[in-house]
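Going left to right, the sequence shown walks through residues 921 to 1141 as this note's numbering numbers them.
To be clear, the hints were calculated from the coordinates, so they are not data collected in a lab.
Don't take each hint at face value.
Stated by the list, open to error - Cβ pair distances, simulated, as ranges:
| no. | residue 1 | residue 2 | range |
| --- | --- | --- | --- |
| 1 | 1001 | 1079 | 22 to 30 Å |
| 2 | 975 | 1112 | 38 to 46 Å |
| 3 | 1108 | 944 | 25 to 33 Å |
| 4 | 1060 | 1005 | 15 to 23 Å |
| 5 | 1091 | 1067 | 16 to 24 Å |
| 6 | 1043 | 970 | 31 to 39 Å |
| 7 | 1067 | 973 | 37 to 45 Å |
| 8 | 1005 | 1032 | 15 to 23 Å |
| 9 | 1011 | 1094 | 22 to 30 Å |
| 10 | 1005 | 1079 | 17 to 25 Å |
To be verified - Derived DMTMM-like pairs: lysine to aspartate or glutamate, alpha-carbon spacing no greater than 25 Å straight-line:
| no. | residue 1 | residue 2 |
| --- | --- | --- |
| 11 | 1007 | 977 |
| 12 | 1004 | 1016 |
| 13 | 1110 | 1084 |
| 14 | 1007 | 1017 |
| 15 | 1007 | 1040 |
| 16 | 1004 | 1017 |
| 17 | 1007 | 1036 |
| 18 | 1110 | 977 |
| 19 | 1004 | 1038 |
| 20 | 1110 | 1092 |
| 21 | 1110 | 1097 |
| 22 | 1004 | 1036 |
Cβ atoms here follow ideal geometry from the backbone N, Cα and C, with glycine treated the same way.
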Amino acid sequence: MFNRKWLLGWVSTLLLAAPISAFAFDDLDHTTGREEINYLQNHNILSGVTDTEFQPDAALTTAQGVAALVKGLNLNIDNMRFIKAPKASDYYTSVDDQAWYSTDMIIAHLNGLQLESDVDASSTMTRGQFATLLWQGVEQVDPDIHESGGSTGALQGQSITIHDANHLSSAEQQILEQVIDSGIASLDEKNNFRPNDPITRAEAAVMLYNALELTGQTEEK
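Work out the full structure, taking the sequences as your base and the hints as a guide.
Okay, here's the thing in structure tokens:
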């Protein structure tokens, strides 16, 4: 098995890891997604910045977002065999092999999450980027999702119009349409997704929870 590096920075900078505390966060009173966040915390998928703070409106970095997807979707390389142990630098030009997130970046790549080779792991992740990588992860977890509609049957193949996605490639638009159609995320009252906006910790938690529900993983936990 490929061992995960647990470094101090994991706890201090990331939204997930072994939970800091079993207590409820006290900064979620007015947060959309409070129940989803608490579920993910209770199942050791997400944790707070401190014992009592989740900081739902804070933005995610790419490293944090990728780590959340790998942890939440239980992506792994346990059944893969290698001539030599893979390193982050085998796939990325700017990811330190000793970084706390390096193993997650490796796992993401080998599970079909399409990150650029020159990705800056410290950069802020956008809503569009997170949704795209999340959907790629969903397809790994449930390869038959397009036929089955997922555990909830939510994916219906409906035509979705996203008004602010014109600048995206057709492939990116298609993925966002599937994310919306499946119920992982939703559009605002003007049918906008805001793909270029930074994704917040709360938004990421809700999307991740919905993806787990879609793939039947909430029933298993």
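Legend entry - In rising order, the numbers of the hints this structure does not comply with: When the structure is compared with the hints, numbers 1, 2, 6, 10, 11 turn out to be violated.
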